[in-house]
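Colleague: Below, each chain spelled out in residue letters.
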Amino acid sequence: MKQRRVERVERRRPLVEFNMISGVEARPSKRRRLGCQSFLAPGLLGLVVLFTRVLGLN
Amino acid sequence: MRSGTATAPAGALVGGRVRDPTAVGIALKQLLARNDITETRALVAANDAVATFRVLRYPAAASDAEVDSAIARELPLDPSRMATRWVEVPQSHDLREVYVASWDRAEVKNIVDATKLAGLDPSVVELKSTCVARAVTEPSCVVLDLSAEPMDATLIDHCVPQVWHNFHADITQDDNVAAALAAPLRSVLRFYKSRRDTEYGPHCPVLITGEHVLPTHVVARLSELVDHPVQPLPMPARVPADIRHTTYLTCLGLVMRRTR
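Line by line, the protein sequences give chains A and B.
Adding 133 to a residue's 1-based position in the first sequence gives its number in my numbering.
Adding 703 to a residue's 1-based position in the second sequence gives its number in my numbering.
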């Protein structure tokens with residue numbers, strides 16, 4: 134039996150993304166598409182925890 | 704997930720700025736080794752002390768060139784020392800809202816150098832304030848980080864960081880804590896509310912985070928003094944015991960980026 138498709142409400146937030154080393158975002162981003170975050174890469178998360186701590190973000 | 708913390712060698716990090724990239728790089732490398740992390744791509748959150756940022760609004764019809772020249776007038780900084788870039792704040796239909804940041808090239812280079820010395824490839828260096836604004840559940844609030852050295856307050860409105868301020872306050876004397884914290888908070892709130900195009904309501908909370916838990920009566924007094932609700936920053940899920948909450952929240956904000 135075919136199931137009804139669940140209507141998803143995408144909660145878009147006006148999130149700013151900036152990069153101080155990349156030239157990619159040197160120009161204004163034109164209405165970047167926003168949506169739910171894809172997933173949290175566990176390894177990456179662990180890594181950034183390390184960096185923020187060591188870089189003095191106490 | 705693997706996570707770990709380490710203290711940078713004395714003098715290598717001062718006020719959120721990397722003073723000795725080699726020492727920080729070595730500390731990072733040792734930290735990675737201790738935690739068996741072999742990932743080499745790095746997203747780095749930098750202390751807001753290395754930059755200054757603004758959120759500026761222009762008519763919807765303003766061109767990129769007009770925004771460029773308006774920003775140059777707004778932030779007349781030495782381009783040989785400071786890099787300035789802007790991005791559009793999404794979902795501003797009636798006007799053109801941009802987030803502009805200027806950062807000290809040498810400060811960011813020190814961060815990048817330290818990361819590379821640890822054998823990593825930094826793909827992103829972003830300010831802590833934008834990371835926290837992305838991850839915190841309240842769309843409009845002030846995040847007061849008592850564990851930062853110096854302490855800092857970030858006013859976020861509609862999920863976009865608007866004001867960042869760092870300060871020193873003595874919170875060891877119980878009878879003075881509320882007043883010591885209220886002064887910088889009030890100046891942040893007053894500065895933002897003085898902008899004619901803002902509607903920062905009295906219900907927007909001040910979210911406090913830090914290892915030092917403030918007594919209930921201090922929190923109540925602080926709330927009276929700043930005329931906003933004051934409450935602890937809701938703890939992110941699954942925070943390891945040895946990781947500070949704002950650090951973890953900052954990292955969540957980094958991995959929530961859609962662009963890497």
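Treat the hints as calculated values from the structure; they're not laboratory data.
Ideal Cβ positions, reconstructed from N, Cα and C, are used throughout, including at glycine.
A hint or two may mislead.
[Claimed, not checked] Which chain B residues stay away from chain A? Per the calculated CB distances, all over 12 Å, these:
{"hint": "1", "residue": "A749"}
{"hint": "2", "residue": "W789"}
{"hint": "3", "residue": "V792"}
{"hint": "4", "residue": "P793"}
{"hint": "5", "residue": "P825"}
{"hint": "6", "residue": "E829"}
{"hint": "7", "residue": "A838"}
{"hint": "8", "residue": "C862"}
{"hint": "9", "residue": "V863"}
{"hint": "10", "residue": "P864"}
{"hint": "11", "residue": "D873"}
{"hint": "12", "residue": "P905"}
{"hint": "13", "residue": "R961"}
[What the hints assert, rightly or not] Just a few of them, taken from the derived set where beta-carbon distance is under 10 Å, the chain B residues facing chain A:
{"hint": "14", "residue": "V747"}
{"hint": "15", "residue": "T755"}
{"hint": "16", "residue": "F756"}
{"hint": "17", "residue": "R760"}
{"hint": "18", "residue": "P762"}
{"hint": "19", "residue": "L778"}
{"hint": "20", "residue": "R784"}
{"hint": "21", "residue": "A786"}
{"hint": "22", "residue": "L798"}
{"hint": "23", "residue": "A809"}
{"hint": "24", "residue": "V815"}
{"hint": "25", "residue": "L830"}
{"hint": "26", "residue": "I874"}
{"hint": "27", "residue": "M959"}
{"hint": "28", "residue": "R960"}
Colleague: If a hint holds in the structure, say so; if it does not, say that too.
Modeller: Hints, one by one, checked against the model:
Residue placement check: B/A749 does not keep its beta carbon more than 12 Å from all beta carbons of chain A (closest about 7 Å). Consistency note on B/W789: stated as away from chain A, yet its beta-carbon is not over 12 Å from all of that chain's, at 6 Å minimum. With a least CB separation of 5 Å from chain A, B/V792 falls inside the 12 Å interface cut-off, contrary to its annotation. At the 12 Å boundary, the C-beta of B/P793 falls inside the reach of chain A, the nearest C-beta of that chain being 5 Å off.
For B/P825, the shortest C-beta to C-beta distance to chain A comes to about 6 Å, within the 12 Å cut-off, and the non-interface label is violated. Its beta-carbon lying about 6 Å from the closest one in chain A, B/E829 breaks the requirement of being farther than 12 Å from that chain. The Cβ of B/A838 does not lie farther than 12 Å from every Cβ of chain A; its closest approach is about 10 Å, which violates its non-interface assignment. Interface exclusion of B/C862 from chain A breaks down, the closest Cβ pair being 4 Å apart, not more than 12 Å.
Look at B/V863: its CB is around 6 Å from the nearest CB on chain A, not clear of 12 Å, so calling it non-interface is violated. Interface exclusion of B/P864 from chain A breaks down, the closest Cβ pair being 7 Å apart, not more than 12 Å. With a cut of 12 Å on Cβ distances, B/D873 stays outside the contact zone with chain A, its closest approach being about 17 Å. Consistency note on B/P905: stated as away from chain A, and its beta-carbon is indeed over 12 Å from all of that chain's, at 22 Å minimum.
For B/R961, the requirement that its beta carbon stay farther than 12 Å from each beta carbon of chain A is not met, with the minimum near 6 Å. Hint status for B/V747: holds, given a least beta-carbon distance of 5 Å to chain A, under 10 Å. The beta carbon of B/T755 is not positioned within 10 Å of any beta carbon in chain A (closest approach about 12 Å), and the interface hint is therefore violated. Using the Cβ-Cβ criterion of 10 Å, the hint placing B/F756 at the interface with chain A is satisfied: the shortest such distance is roughly 8 Å.
For B/R760, the suggested interface contact is broken, since its CB lies about 13 Å from the closest CB of chain A, more than 10 Å. Interface restraint check for B/P762: the shortest CB-CB distance to chain A comes to about 15 Å, outside 10 Å, so the restraint is violated. Of the supplied interface hints, the one on B/L778 is violated, with its beta-carbon coming no nearer than about 15 Å to a beta-carbon of chain A, more than 10 Å. Interface restraint check for B/R784: the shortest CB-CB distance to chain A comes to about 14 Å, outside 10 Å, so the restraint is violated.
The interface hint given for B/A786 is met, as the beta carbon of that residue sits about 7 Å from the closest beta carbon of chain A, less than 10 Å. Here the hint on B/L798 is broken, as its CB sits about 12 Å from the closest CB of chain A, past 10 Å. Violation of the interface hint for B/A809 is found here, the shortest Cβ-Cβ separation to chain A being roughly 12 Å, above the 10 Å cut-off. A hinted interface residue such as B/V815 counts as satisfied when its beta carbon comes closer than 10 Å to some beta carbon of chain A; here the least separation is about 6 Å, so the hint holds.
Evaluation of the B/L830 hint against chain A yields a held restraint, the C-beta minimum of about 7 Å falling below 10 Å. Hint status for B/I874: violated, given a least beta-carbon distance of 15 Å to chain A, over 10 Å. Satisfaction of the interface hint for B/M959 is found here, the shortest Cβ-Cβ separation to chain A being roughly 5 Å, below the 10 Å cut-off. Taking 10 Å as the C-beta cut-off, the interface hint given for B/R960 holds, the closest approach to chain A being about 5 Å.
In summary, the numbered hints that this structure violates are 1, 2, 3, 4, 5, 6, 7, 8, 9, 10, 13, 15, 17, 18, 19, 20, 22, 23 and 26.
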